[in-house]
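Peer 1: Listed here are the chains, written in short residue letters.
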Amino acid sequence: MNTPILLLQCLFLVLLSGPLFAQRWTTTSQESEQQPLRLHGSLLFQGIYPGFRVGVERPIRQTDFQRSNGRVNSHQRAVLFYVGMYYHPGFHLNTFAGAEYIFRRVGGRGLITEFRSSLALSRTFLGAETYRVGEAGIVETVLASGQFYAMPGLGFGMGKVLGKPGSNRPFAYMVNLNLTGLAPYNGLALPTPTLEIGFRYQLATTSVHFRHRIRTRQ
Amino acid sequence: MIRLLSISIVCLSVLWGCQREEITFSTQTKDLFFVQNQGASMPVLVEGNTVSDVLLLVVHGGPGSDALQTMNGSWMAPLESRYAVAYWDQRNAGSTQGGANHDVLKVATFADDLKKIITVLKHRYGANRRIFLYSHSWGGCLSAAFLTQADNQLLVNGWINLDGATDFPLKDTESKDMQLRIGTAEKTAGRNVAEWTAILDYAQANDPRTSPKVSERFNDNAFKAIKLMDQVNKPGMEPTNDLRYSPNSLMSRLVNFYSVYAGSSLETELFKLSFSALLPRLNLPVLCLFGKYDFVVPPAVGQELLNRISSTDKRLVVLNRSGHDPYATEPDIVNEQIIRFIERIR
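Residue numbers (the UniProt record's numbering), protein chains in the order written: chain R, 1 to 218; chain C, 1 to 346.
Because the hints were derived from the structure by calculation, they are not lab data.
Check each hint, because a few of them may be wrong.
Listed below are the simulated SDA-like cross-link pairs for lysine to any residue, each with C-alpha atoms no more than 25 angstroms apart in a straight line [what the hints assert, rightly or not]:
{"no.": "1", "chain 1": "C", "residue 1": "K213", "chain 2": "R", "residue 2": "L188"}
{"no.": "2", "chain 1": "C", "residue 1": "K234", "chain 2": "C", "residue 2": "L180"}
{"no.": "3", "chain 1": "C", "residue 1": "K116", "chain 2": "R", "residue 2": "E140"}
{"no.": "4", "chain 1": "C", "residue 1": "K116", "chain 2": "R", "residue 2": "E129"}
{"no.": "5", "chain 1": "C", "residue 1": "K30", "chain 2": "R", "residue 2": "F103"}
{"no.": "6", "chain 1": "C", "residue 1": "K106", "chain 2": "R", "residue 2": "L8"}
Generate coordinates for the entire structure from the input sequences, incorporating the hints supplied.
Peer 2: This is the structure:
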C-alpha cells in the first residue's frame, strides 16, 4: 500500500472519530450573552531586545464543558486587537498593529493553553541617521526612515487564571512563544521570534455579545 | 484607551524619526548610519581614527556575506588605530534592510550603491578625505564594476584588493587547475588521500564553465581544499556580538545569506562576469594581496589584473600561509603591506 492512501485512511479515521467522542456531551444551553472586553498587556523579547504589546480582546465564542465533579473546562475563541513595538538598537525600532485570532482552553484548575494566529502591519524605523543621494549627487537626510512590512505570526501560550478556578475570572497571566516574521524582507521573510510575558484583565466597564454554549456529560 | 495608545505610538515614531546627525572626529570613533538606495537601507559603521585623513571602505565578499560582523575582526585593530575604517553591509547582505527588491539585484546596482556610500562618507567626513577601497573576494568584482565605470576611479585614492574575483571565468579555470595540480601532489604525498580523491575525481570529470551549478560545486571544493592544506594558518574563532546589543541582526544575516540568490538572476550574471577587457581603464594605485593556497580565487587572477591595468603603482603580494582570507590568517603581513601602501601614496 502506498503512503498517500495510508495517510488518507488515517485522516478519514480521525475525522470519523470526532463525532463519536462528541456524542458523549450534550448541549444544555446555547445563547447569546454579554461578556466584558479583556485588556492585554505584555513585555516581549525579540531575542534579547525588549518591547511590549498591549491590546483589547473581544470574546467571540465560549463552550463550557461541565464535568460530573463540578469542574468546568472552557473552550474560548477571541480576537485580540493590539499594538506593540520592540527596540533593537542600531538595527531598527519595530512598531506594529494588528489582530490575532485566539483558540484558548481553560482547564478546571485554571490552567490556560492557547494557540494564536496573527496578522499585523509593521512599520520599522531605522536605528540611526539615514541618508539618500539625489540624482544630482546631493546628499539628503531621510526623516523617519524605515519600511512597512506585513507581520504574520503563529504563537503558543500557557498561563494561569488567578483566583478561584473557573472560566471568566478577571485576571490571568500568560507566557507566549510567538514566531512572527517581517515580509517581504529583501525578497524573503525576516523571522522575529518573540517571548512574551503578560497578563489579561477583564474590563468591567464594557461588554460585547458573544455565543455561549454549555455542554454537560451524558 | 486605543486612541491614547495610537497617539503614543505616533509620538514615539516621530521622535524616533528625528534623530540627530552624529559625526565623530576622534581616535576611537564608532559612528553608525544608513544609506538608502534603490529599495535597500544599508548600514555603515565607521570605526577607528577619524582624525586621520585616510578612510578605508570595506567592500565585503559574498555576495551575501557582511562587513559589520564578519570583516570587523580583531585583525583590523592596527588599521583602525591609524585610519578610519568604514564597514558597509551591501544590499541583501548582513543587516541591510529592504522590501521586495530582487528586480534590481544586479552588479550595476551594487556598483551604484558603492558610489552613493562614498558620496555620503565624503559628505559626513569631508570631501578631501582620502578613500581607499579594501575589497575582498566578490568585493573585488564589485570594486572593479565600480572603478571601471565612467570617472569613478577619481573618487578614491587607491584600491586594496584581497583575493578579488575580477574575472569569474578565469577564476573558475584557474581554480580547477589549482585543484588538479596541488591535489595530485598532496595525494601522491599521502596527505588526506580520501578527501583529495573526491575533489580530484570531480575536477577531472567536470568543467566549471558548464553551468553556474557546476561552478558553484568547484567553489565548494575549493573551500574544502583550503582546509586540507597544513600550510594555511588556522585563525582562532573571533568573538561574536550576536548576543550583545549591537547593530548586527543575526536573523537578518542568516536570511540575507539566501536572499541575495533566491529568486534573483545574480548567480547567472556572475557566472559570465569578467572585467578583464575594461581593466586597462584603471590607472589608480592598486595593491593585490592573495593567499598562495587560495583555491577559490587563485593568485593568477590577481596577476592577470595587474597585467591588464594601466596603473604604474601596482603590486601583487602572495601570502605563503594563507588561503582565501589572508586578513585573518596572516594579519600582520597584510596590515603591514596595507599601511606601507597607504603611507606611500597618501
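Peer 1: Look at each hint and say if it fits the structure.
Peer 2: Here is how each hint holds up against the structure:
1. K213/C with L188/R: 22 angstroms, holds
2. K234/C with L180/C: Holds, at roughly 23 angstroms.
3. K116/C with E140/R: 11 angstroms, holds
4. K116/C with E129/R: 15 angstroms, holds
5. K30/C with F103/R: 47 angstroms, violated
6. K106/C with L8/R: 46 angstroms, violated
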